[in-house]
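We have chain A already, so just place chain B on it with the hints.
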Amino acid sequence: MAVSRRDFFKLSGGGLAASLGLSFAHLEAKAEDLTIRYAKETTSICPYCSVGCGMIVHTLGGNVVNIEGDPDHPINEGSLCPKGSSVFQLRDNKARVTTPMYRAPGASEWKEVSWDWALDEIALKIKKTRDASFMPTSKIKIKEKVGSVEVEKEIEAVVNRTMGMASVGSAALDNEECYLYQKFLRGLGLVYIEHQARI
Amino acid sequence: MTNHWIDFKNSDVILIMGANPAENHPVSFRWIMKAKDAGAKVICVDPRFTRSAAKSNLYAPLRSGTDIAFLGGLINYILQNKLYFEQYVRDYTNSAYLVSGDFKLPGELAGLFSGYDPKKRSYDTKSWSFQKNADESIKKDPTMQDPNCVFQLLKKHYGRYTPELVSKTTGTPKEKLLEVYKLYASTGKPDKAGTSLYAMGWTQHTVGTQNIRAMSIIQLLLGNMGVAGGGINALRGESNVQGSTDHGLLFHILPGYMPVPLADLKDTAAYIEKHTPKSKDPQSANWWGNRNKYLVSYMKAIYGAKATKENDFGYAWLPKLDPGMNASWLMIFDNMIKGKFKGFFAWGQNPACSGSNSTKVRNALTKLDWMVTTNLFDNETASFWKGPGMDPASVKTEVFFLPAAASFEKEGSISNSGRWAQWRTAAVKPLGQSKPDAEIIHELFQKLKALYAKEGGALPEQLTNLTWNYGFKRADGTIKSIDIHAVAKEINGYFLEDVEDRPKPLKPGEKAPPPPPPGTPKKMLGKKGELVGGFAQLQADGSTSCGSWIYCQSYNEKGNMMARRGKKDPTGLGMFPEWAWCWPVNRRIIYNRASCDPAGKPYNLKKSVVYWNPAAVQPTGALGAWVGDVPDGPWPPMADEKEGKKPFIMRADGVAAIFGPGLKDGPFPEHYEPVECPVPENFFSKQMSNPASKIFKDANIKEDVLSTCDVRFPLVATTYRVTEHWQTGVMTRNTPWLLELQPRQFCEISVELAKEKNIGNGDLVEVSSARGKIEAVAMVTPRMKPFKIGDMTVHEVGLPWCFGWHTPGVGDAANLLTPTAGDANTMIPETKAFMVGIARKG
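Protein chains in written order, with this note's numbering: chain A, 1 to 199; chain B, 1 to 842.
Looking at chain B on its own, in the form it has when it is part of the complex:
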């Protein structure tokens, strides 16, 4: 989330699309209702009339997998009716930039952008670059009239997204479309805020990243980024999925969103060179210019004194991917089923139900020699060898089940969707012999370290050199149990030496200040052994450590910031700056400098997140300071030509990207159908599905099949959660109160489809796809309606994905039906739009 949960109350228009917070984030809905009570309008766009829809002012249905068409139409509506916030668009986005004359749009190339290579299924993005001046700066047209400028290209591209064509694709009645467009576009006024609440309904598509890009473009056109009640807000699904992502439990990132090193970056210098964007624009803060500090401080955190300047801070020990190598989720199970792994950890996760095309996942597990699984409860993954269709005698996989402690049986922090890291203390000891995950990891580490010390092996120092100073050390050097505070402090980082507060390098033409009188004590940033105060203090020479730079400040010399319970709310906007701690540097709304005009005056005076007070005196004696939330950097607003900075500090050019040349499938979102869809043609172009997404079609993998426009599977299907269950249901299916409330797999179908298929409410049905079938209870409901797509009537059905065979009588996983197909950029599986058939049983 760019914003946070309580901030919903500050919105004028709330667009819920690709999410269902009333059911899946129920308590957050209080803040949506508070906004509504204050006069805000709530819009819900969803294939189903959900509980969120029931509480909305305006509901519009759409067929799963057509969000870009819907949002592209909104972009077109905003541009055609000049409802955008012109100054914001011109000053804070790349709309005025000129794009290469070689660039071509999908409207000109039958659905493809320029540079496509069909053999590689990828783009050469050379023609997507910006035109440059002789001094390498980007060519701009501040009037935004040049036909090659981003703004005009945007207009041209989305000019194709007429309400008629959008309605024909999405199945949303045209008048509903226009109602949504009109209402949401009303937030383009400088003092109005619209917010976007999305979840897996947007990400789990082969065009998932572009769904969110489309909304980002809308938010930028309307000036809704950085403001109270605005933003792009991913309603994340798990209590700490924000934190687990922040801490780099993914193949492509180290903690703090640092790219995992590739084999062609042979040393830290090459890594830093590749990953440090450059900007000659004096108004760009270019925050990733600090990459070197974050990499070296990370190496110092994990390898401590073993990471030296001489050994390039141990960079060689970091495991590296080959360039282009993808080690993401779908690839793990693809490799596993091909027998490429011997061992596997399913640590606090149940892929046998949560993985798309679960049959493939379950069969893949049989190819392992061993598996370690950690959980509170037995589940479909741990016990896969005795699941449906398995013959235990022929499954050779050894399985270890390690019982984990529950959240209230251990101490540590978790980060909610609003980036608030909140500390929990242990209320009781772990149940039975169960242990906190940290203890299990710790004991495994100690055992392995001892084994390597005794026997040697492949590059032992990669493991044995890791720092592990997490508590009282016994005489033999081992630690009895993990002090979780010590881990939190390592994440925050330490000064490893005394670090002097050196003056900033002089700008060209700037005069050096007079030297201090002799005997003046040196000004220190920090002393050896102290905790680092914030990431601006991190160093690139090995004199600081920091496990995850975005968490630097979370546990510093002032104490454990995450455990704070202060209730002050000085702005009245619900930011609660002294409650827990939020990354980065306790900034509650990111990009907040964009909530003000270039002179630092808030666009909305009544709900100002920050403002520039030119009369404020800083501790250094300098005049001028930001007041309110922690700003995106201390510099003056950009109207100050000498010292001012542009607001989007994580971008090398300081502005937000309406044109996004960094993605794999196009600089603008374009509508493509899901890999499985009900229509024989894409009404927007000749290109059916995302041309840059990976296709899994190995003839030896019988589980990977797709079926489009197949008479056996004529229904669009989507999956979702219910209030009473969580994820695959491992915890909630084992909670008797919850299982009683929501006892088994069901399938929501429309009254019209039920009539057509002769299915009654409560009948047992079989839902099947090209990959599998499950049994469900039919829930015949007017919440589902048939769509009119072109000349066709298309039915959609809905399935919760929280059930699995391990709980008797609840039915098996909906993911047995979903395909192996991933988003072109993230490889998130497409489980929100696929094709099924349905028939009454018996």
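The shape of chain A in the complex, shown without the other chains:
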């Protein structure tokens, strides 16, 4: 007997289960055990492509127990693609790096380090590189009108830029982080600032 999903629902009210000799008792028991039953729901947006699908993150005791599509979201209306459906494994994942790491010149392995040590070292290197490669001015050619004639001349223009550092990234940051990052980089005088949008 072929029963479509719709027929199934139509018939089920009229004792279909019984007519098929099925009992739902064990299904109900399973429902009680659903991991998300007592979970807290937090809405989120998928971190992968740019469709911006809504997701619900279920957490229990500070752990993510499930992530699924948000049925209230107008774009995805509850559905997710394989990547979105797998976001759960970005948390439940042994490969996540959870401690800062450092690789010394010539070393063949990483070693774990503390945040304080890593950030102190990085700050020193940024400062050293910035101070050594900072260009307050640059010789540029400009065109100037002398009477009715345009003449080219060289001037020493203020540029206040750092030449010894570059940055790439990131479309993986939130808007506020992108803003903060460009503010920080420009505050350091960087001009070599690029990210995923260029490639």
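Derived by calculation from the structure, the hints in this document are not laboratory data. Keep in mind it's a predicted model, so treat the numbers as computed, not measured. Check each hint, because a few of them may be wrong.
[Unchecked claim] In silico DSSO-like links for lysine-lysine, alpha-carbon gap of 30 Å or less: (1) K473/B to K128/A; (2) K120/B to K141/A; (3) K111/A to K447/B; (4) K274/B to K141/A; (5) K266/B to K141/A; (6) K125/A to K386/B; (7) K293/B to K141/A; (8) K139/A to K120/B; (9) K139/A to K119/B.
[Said to hold, decoys possible] Pair by pair, the computed Cβ-Cβ distance ranges are: (10) Q433/B to I36/A: 20 to 30 Å; (11) K153/A to S129/B: 18 to 28 Å; (12) K841/B to P105/A: 30 to 40 Å; (13) P71/A to G529/B: 35 to 45 Å; (14) P323/B to A107/A: 41 to 51 Å; (15) K94/A to K119/B: 50 to 60 Å; (16) E109/A to Q433/B: 14 to 24 Å.
[Said to hold, decoys possible] Where chain A lies over chain B, by a calculated footprint (3+ residues, C-beta under 8 Å): (17) 320 to 331; (18) 425 to 433; (19) 718 to 730; (20) 825 to 838.
The C-beta atom is built at its ideal place from N, Cα and C for all residues, glycine as well.
Quick look at chain B alone, frame taken from chain A:
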């Protein structure tokens, strides 16, 4: 995107070309299928028969790198058969403008436009300008018959793009071409809408910008801009690449698409003068006329009270480029391999796999003293020093890996491709010791600020004067942790003083209203400390701040607009105006005034985005208002000669540009071959590749080699993504469920090529280019077909680019094969069309 994802459902014809949403934006395909269910036709043009093609009504193959030929043929077809929307073309575009009599087309100059300098590889664009009347206004011929008018030049230029010549170049059978042309051109009827969905298949070419320009011209000819179910829709690749672009993480733009200052613009006055377009046309809104407000408000956001009128709002502290200096992606790695950088940040990005010519990128990293990398997972960039061919002992680069929190472990907003900024809250604390990127940036800033305060150094105030009011300050002035809402509010902007709502300056001949009776309280735009309500309230005198003017309104006195979850859809078009927030000013379809005729009546009454209601009474008492989506400005439609404005408000002349003199490689798109191509000649002209694109040929850089018509590399290759992986795969290769579904590098080849090369389905093959080689599993499939190009049979192969050596057994990056070559305008690398060879292994 000019439109948004749900809006696909409103289309009559959907052209998927240069994209593959069924695989790469899977959930969006629901809206394409809804359109199809409602009777829309879906066209897919792609070198491969993709999953998007499988769901389309019409599929046409084309050889990678020949999109302009294909689209130029469509322009020709529309013009020859008079299928354009005449009134739209005449009133809303620059088609009637007269171009200088000195202007010459590529058909007259062996593939070049007038003004080319072969030594500089660039154009003098003087002859591309418009003819002017004595009062400096542009000369026009409303009948569009003058041989120098844009419309006639367009006709002449694309008259060369005959179906025969197009088919000979693209390899698309002529009858398929004509089928696509006929179907898409059917959207030229006023009440029909066609939409263009593209992605990196169009941008990653040396003619990338012109690919999109060609489609823009088509959309304008057919009246498809501003309407529901229309537009030019870039299907962006990452969840927040729209936002990261909006916020200026690129060398050439500050937040809100403000140009980065150049050294020859010595102060804000010079910057504003250079970047403020002028228009004497009373019907042009000329929105960039507000540039001064956005620049000063940005300076006030980043430098706060330190930015004063006296110090020109701190303009000197903004780092400046020399005129003509290019600091884009390809230049970064070119400079890096030449040893010009000591330090490098790879922040949430994996250039060792995503950078074209990845060998060059990987070798460049060895020239650094130090690198900071931030990510969820170790990857090919972070661990480059132990990658294939590297001897760790001889790599001196120090590397710091900072573990970042995942998207659901922190709070903030991201902007999808439809410009919707959506707020996420933290569901859990970051895993282990990982931190949100904002915290890492914050801690680095505090440490550097302290170092500069203690030791001094090069221009410390550039850094130390930055505002950093992002949360509770401890007694020593430091902030414990970042309040991300405070950052969002800074982006939105504040009133820094009480700002009065001053009446608009009087027009010539206009009478001043009577003065208000004494004692009338001043009408205020905002009070000191309040959040700015929208960018129309921003000021140029330093009395407002705004980190990114296009995000002004996103977090205002009404609250965090990005966190809204309202489900009202009053128009039924799926715009959901109360769901999250969309830039600019919550406008869901930009250029929407062009969806109406000059009197404000919608061309398509059933799917009207906005319409002008002349009887509506505004709060000011004025009559007439737009109803529907947030319009592109409140002014009446252009038929109102006194107050009306033209619809394309970001253009100084108020109309859309069919003739685009602002680009580096021509005011009309012209077909050029990719820098690596299979044909010895360009069938359209003597000019092989884009004459204005940068060529990398430094004899000292052994990684930069090109090979055209080389017997060793006879196959066209292209790269793409798969549903189960994302970008270089750093996140998805580390997701066991996904890696199991899509476990390793493969190469799609046609049945015909497989036979020729004696390759079986599933065989291991080596794919090589002039720059490198990778191992892949052959996927022999009828989805790939040989092309007939002129008299030649040309094979094309396809490679996903989501793999890399760091994941054991998956194969290395497809970008080891791609060239260092960039688009003439954007410098986006040409990774979608290059030449390879293939051989069975073992």
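Here's how the hints hold up against the structure:
The straight-line distance between the Cα atoms of K473/B and K128/A is roughly 28 Å, inside the 30 Å bound, and the hint therefore holds. Proximity of K120/B to K141/A is assessed by CA-CA distance (about 17 Å); at most 30 Å being required, the pair is judged to hold. Straight-line distance between C-alpha atoms of K111/A and K447/B comes to about 23 Å, which keeps the hinted pair within the 30 Å bound. At roughly 17 Å between alpha-carbon atoms, K274/B and K141/A fall within 30 Å of each other, so this suggested pair holds.
Taken as a hint, the K266/B and K141/A pair is honoured in the structure, with Cα atoms around 13 Å apart against an allowance of 30 Å. Under the criterion of a C-alpha separation no larger than 30 Å, the hint pairing K125/A with K386/B is consistent with the structure, at around 23 Å. The straight-line distance between the Cα atoms of K293/B and K141/A is roughly 29 Å, inside the 30 Å bound, and the hint therefore holds. A C-alpha spacing of about 21 Å is found between K139/A and K120/B, which places the hinted pair at or below 30 Å, so the restraint holds.
Proximity of K139/A to K119/B is assessed by CA-CA distance (about 23 Å); at most 30 Å being required, the pair is judged to hold. The hinted window of 20 to 30 Å between Q433/B and I36/A holds, with their beta carbons roughly 28 Å apart. For K153/A and S129/B, the Cβ-Cβ distance of about 26 Å falls inside the hinted range of 18 to 28 Å, so the restraint holds. In this structure the supplied range 30 to 40 Å holds for K841/B paired with P105/A, their Cβ-Cβ distance being about 36 Å.
A hinted range of 35 to 45 Å for the beta carbons of P71/A and G529/B is consistent with their spacing of about 40 Å. At roughly 43 Å, the beta-carbon separation of P323/B and A107/A lies within the given 41 to 51 Å, and the hint holds. Checked against the given bound of 50 to 60 Å, the beta carbons of K94/A and K119/B, roughly 58 Å apart, stay inside it. With their beta carbons about 19 Å apart, E109/A and Q433/B fall inside the hinted range of 14 to 24 Å.
Proximity of the stretch 320 to 331 of chain B to chain A, defined as three or more residues with a beta carbon under 8 Å from a beta carbon of that chain, is established by the 9 residues found. Counting residues of the stretch 425 to 433 of chain B whose CB lies closer than 8 Å to any CB of chain A gives 8, which reaches the minimum of 3, so the coverage claim holds. With a cut-off of 8 Å between beta carbons, the stretch 718 to 730 of chain B has 5 residues touching chain A; three or more are needed, and the interface restraint holds. Residues of the stretch 825 to 838 of chain B lying with their CB closer than 8 Å to a CB of chain A number 5, which satisfies the three-residue condition for coverage.
Checked against the numbered hints above, the structure violates none of them.
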